[in-house]
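Sequences listed follow chains A and B, in order. Each residue of the first sequence is one higher than the one before, counting from 1 in this note's numbering. Each residue of the second sequence is one higher than the one before, counting from 1 in this note's numbering.
Bear in mind the hints are in silico, worked out from the structure with no lab data behind them. Heads up, a few of these hints could be off.
Derived lysine-lysine pairs resembling BS3-like cross-links, with alpha carbons at most 27 Å apart [claimed, not checked]:
hint: 1; chain 1: B; residue 1: K326; chain 2: A; residue 2: K235
hint: 2; chain 1: B; residue 1: K143; chain 2: B; residue 2: K46
hint: 3; chain 1: A; residue 1: K100; chain 2: A; residue 2: K401
hint: 4; chain 1: B; residue 1: K46; chain 2: A; residue 2: K401
hint: 5; chain 1: B; residue 1: K326; chain 2: A; residue 2: K197
hint: 6; chain 1: A; residue 1: K605; chain 2: A; residue 2: K100
hint: 7; chain 1: B; residue 1: K132; chain 2: B; residue 2: K143
hint: 8; chain 1: A; residue 1: K108; chain 2: A; residue 2: K541
hint: 9; chain 1: A; residue 1: K260; chain 2: B; residue 2: K218
hint: 10; chain 1: A; residue 1: K235; chain 2: A; residue 2: K541
hint: 11; chain 1: A; residue 1: K235; chain 2: A; residue 2: K154
hint: 12; chain 1: B; residue 1: K146; chain 2: B; residue 2: K132
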Amino acid sequence: MSDETLTRERPTPEQIEDVVIRFAGDSGDGMQLAGTQFTASSALFGNDLATLPNFPAEIRAPQGTIGGVSSFQVHIADWDILTPGDSPDCLVAMNPAALKANLHDLVKGGLLIVNTDAFEERNFAKAGYDTNPLEDGSLDAYQVVGAPMEELTKEAVKGSGVTGRAVLRSKNFFALGLMSWIYTRPLDPVVEWITTKFGADSPLTKANESALKAGYNYGITIEALHHTYEIQPAKLPPGEYTNVVGNTATAWGLVAASEKASIPLFLGSYPITPASTILEELARHKNFGVKTLQAEDEIAGIGAAVGAAFTGRLAVTSTSGPGLALKSETLSLALIMELPLIVIDIQRGGPSTGLPTKVEQSDLLFAMYGRHGESPLPIVSTSSPSDAFDSAFEAARIAIKYMTPVILLTDGYIATSSEPWRLPDVDALPDISRPFASIEPGETFLPYLRDETTMSRPWAIPGQPGLEHRIGGLEKDATTGNVSYDPDNHETMTHVRARKIQGIANDIPEVEVYGEGANLLVLGWGSTYGAIRTAVNRVRKAGREVAHVHLRHLNPFPPNLGEVLAGFDTILIPEINTGQLSHLIRAEYLLPTVGYNRVQGLPIKARDIETKIHEILDGEVTE
Amino acid sequence: MTDTARYERSDFQTDQEVRWCPGCGDYTILASVQMFLASLDIDREKHVFVSGIGCSSRFPYYMNTYGMHTVHGRAPAIATGVATANPDLTVWVITGDGDGLSIGGNHLIHALRRNVNLNIILFNNQIYGLTKGQYSPTSEVGKTTKTSPMGSIDRPFNPVSLAIGSEASFVARTIDMDRNHTIEMLSAMHENVGAGFLEIYQNCNVFNDKAFLDLTGKETRDQNRIWLQHGEPIIFGENDEYGVQVDAAGARIVEVAEVGRHNLHVHDAFAPNPSAAFALSRISQGPYGPTPLGVFRDVSSPDYGHMLERQVAAAQEQRGSGDLAKLIRSRGTWTVDA
Ligand code: SF4
């Protein structure tokens, strides 16, 4: 291939405000990589964006089958968007199964890019097609652009040094090149990434770069693609941005908290999807004084964290639902010992192994109640990938200040998706440090003597003379902290522990209502934020009134929440579960709620919430 | 204890009433540990005792040091966090046969494998005491208890074999009532760098009295105690009439008169290869008949906490101390102008 073709004049691209693109292929086709790279160059170009990776639990699910399809959806825009989009405008299908699994989502008239080489007899059967969909007229409603991606990739990588079956691995770069042409994306950032990843002299660098350029040039050459698009940089609030994935932001939030608390970070964790990347990310940052321990199991993960907390570290354990179940007993220990600890639960579809790579918000009640005994804990939630930084920081602030474990709930969607994040001024982040206990000579140290305002006990760490003390799982005397089986004392301590957590309500921001003059409130928590806010905005644009409140703190609730809720006729709660926040709200405030609940392992769509809001406003839904 | 010692035993005692049954072997062990700690030139506040659940696990409440009485079986994991977060501390794990070998078996072997700088003391009384007398993972086959009315059909663990199999840096065995030997073992374990494991045969006089009679009874003990001494041929018996030989088939007891003293196995506690130590641990399957006591294995090696500390230092040297502002920009940025 010559570079000459690249400089040929391209048609003036049509300017569009936003586009939703889905890359879909077999799980071995490298669609996550193609999508991520398309996203990265769009981010550097200055678009606003949101992504939604969706992949099977199996690393290599049966090739060519529906079950083995992996996809990556990205929404790019020249305005401030909040979701990865409900329906793709453009679908890249690398094989018949990918087409079959995703076509129903593509908007009518949408652009469909197919790898024609994969559309052959044996693949139709695997995907459940009787006839060739490219020929039977079933795609007439779409603009179909076919490209023999395998043939052209083979041709392109000749001479790179990559041979045999490995050649076809580069076809995702062909697809990426073609998409870069259609949507006027620069190739340079991708080439740069390839070179850094594989090394300047590697045959793989040559092969992937050639495939990328071949895809781009294919766009230039074929007539079917005289139409291209361009999305201008988004008019986001001024500032410096990066494109951040949720789990990365969570990890960085913890590093920031460790700095602002002036104590080293310690993570005890066991690999589990979709939480492992937090462990991986933090393992890379030892130069921040971060220590990570890959434990023998989930229980040891939290156990090591509890041990580290006792020594005065910012202790964290990260997991997903099944792991949280295993940690439950030790979490109660940390609770009664009153040690600061952050437990991150990246919620996924359950029960049991459930849908390990998919999103669900179904651990809220487990976080709230999933411990033996009377064991209240603060719960903080995350509403988007970039919000994960702030919510992790907030979890650490509460843990340290109140000497308590805190559960941080994020989910599989936030964990793996990305969005632009306006970088904070790290120097302006608040100081969340708290002095360790100290003692004057002659004084007796009482480990459970509480601070009057926070009700928090002192944090005395090994190595300090005069503060030697024992803590443990047995009930403690309210004054001395010694083991006590006294009935009245146990009752006192049960209430003290509950009041301490309840008191945190005075130390968190009040909820703010978005949208005035409404009788209908949409109340949400976690990753439904983008979909709810988008739906609410659309309904308001259509001239109807609806408000939105999104909760970060789920236990305790913000102090004004009850009052705010009482001001609305109807409270709609969309959740990716069967109504867990509804349950808590009803129990706490004795108010009726309307649920919108989906449990498909997918984010709730803005469009569906919008429809629900209209139905309620039309009087079609009653509690 | 020398005159120059900084501490006395009482410095390590707490005001908490000790609540073990009268006559329990735990009392002697507590005294031995307190006496040993008083003899050390280590600040009292540097010691951390971590225990799980069970009779023995009450131990930290009686030690005037930092301590944590935690969750059943999890003490090695929690102590791993303590020793890894702060490798300057001297961390002790107090566990029992149920706590350490049954519910917490996984944590025990991984703490040993990972070579965390812990001193793990396993009180083996071959019974569940705190729950009032069910058979444990070290109870002998055939043991009749409330949960094994027709006799236990569980094959027991040999804790020393398990620890050597996990390649612990230090593995030893002693008996509760032998204070001097216990202190000697504590001292050797403390000297060793890495994961240390000390099994103490501990008499539970309420639910499993005289379980160790072969090794403690006046009539039997001299013919059954095999004292392991580094660099010495292994000889035992009232008149040193027995010895031990080790070859590829394992360790076996021989009569000295038959094989000659010079053909006995010379114990090498410092051998990096754990095979001979393992063979010695198989001489008895419990405290029955001739049973080795003493240090089986003593091979110091870099411990996990310090190795991790070195990685942190290396990362800081190579990349400089962490810069948060740089970190959040590490994936590329763009600027939106006002
Ligand atoms: S039950 Fe046995 S082990 Fe427990 S305290 Fe009593 S004698 Fe000691």
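Exercise. Given the hinted pair B:K143 and B:K46, is their alpha-carbon gap at most 27 Å?
Worked result: Between B:K143 and B:K46 the Cα gap is close to 42 Å, so the pair fails against 27 Å, i.e. violated.
query = Between B:K146 and B:K132, does the CA-CA distance stay at or below 27 Å?
reply = Given that 27 Å is the threshold and the Cα spacing comes to 9 Å, the pair holds.
Sort out whether B:K143 lies within 27 Å of B:K132, counting only the CA atoms.
holds (15 Å)
- Query: Is the Cα-Cα distance between A:K235 and A:K154 27 Å or less?
  - Reply: violated (41 Å)
### Message
Hint check: B:K326 vs A:K235, CA-CA at most 27 Å. Holds or violated?
### Response
holds (25 Å)
Practice item. Sort out whether A:K401 lies within 27 Å of A:K100, counting only the CA atoms. Key: violated (53 Å)
task = For the pair we were handed, B:K46 and A:K401, check the Cα-Cα distance against 27 Å.
result = Holds - the C-alpha atoms of A:K401 and B:K46 are around 25 Å apart, at most 27 Å.
Restraint check for A:K605 with A:K100, where alpha carbons must lie at most 27 Å apart:
It holds: about 21 Å lies between the C-alpha atoms, which stays within 27 Å.
* Assess, step by step, whether the Cα of A:K235 is no farther than 27 Å from the Cα of A:K541, and give holds or violated. => Holds, because 19 Å separates the two Cα atoms, which is no more than 27 Å.
- Proposed proximity, A:K541 with A:K108 (alpha carbon, max 27 Å): Given that 27 Å is the threshold and the Cα spacing comes to 24 Å, the pair holds.
Would you check the hint for B:K326 and A:K197, treating anything up to 27 Å between C-alpha atoms as holding? holds (21 Å)
Is the hinted pair A:K260 and B:K218 satisfied, with a Cα-Cα distance of at most 27 Å? violated (64 Å)
When held up to the earlier numbered hints, the structure conflicts with 2, 3, 9, 11 and fits the remainder.
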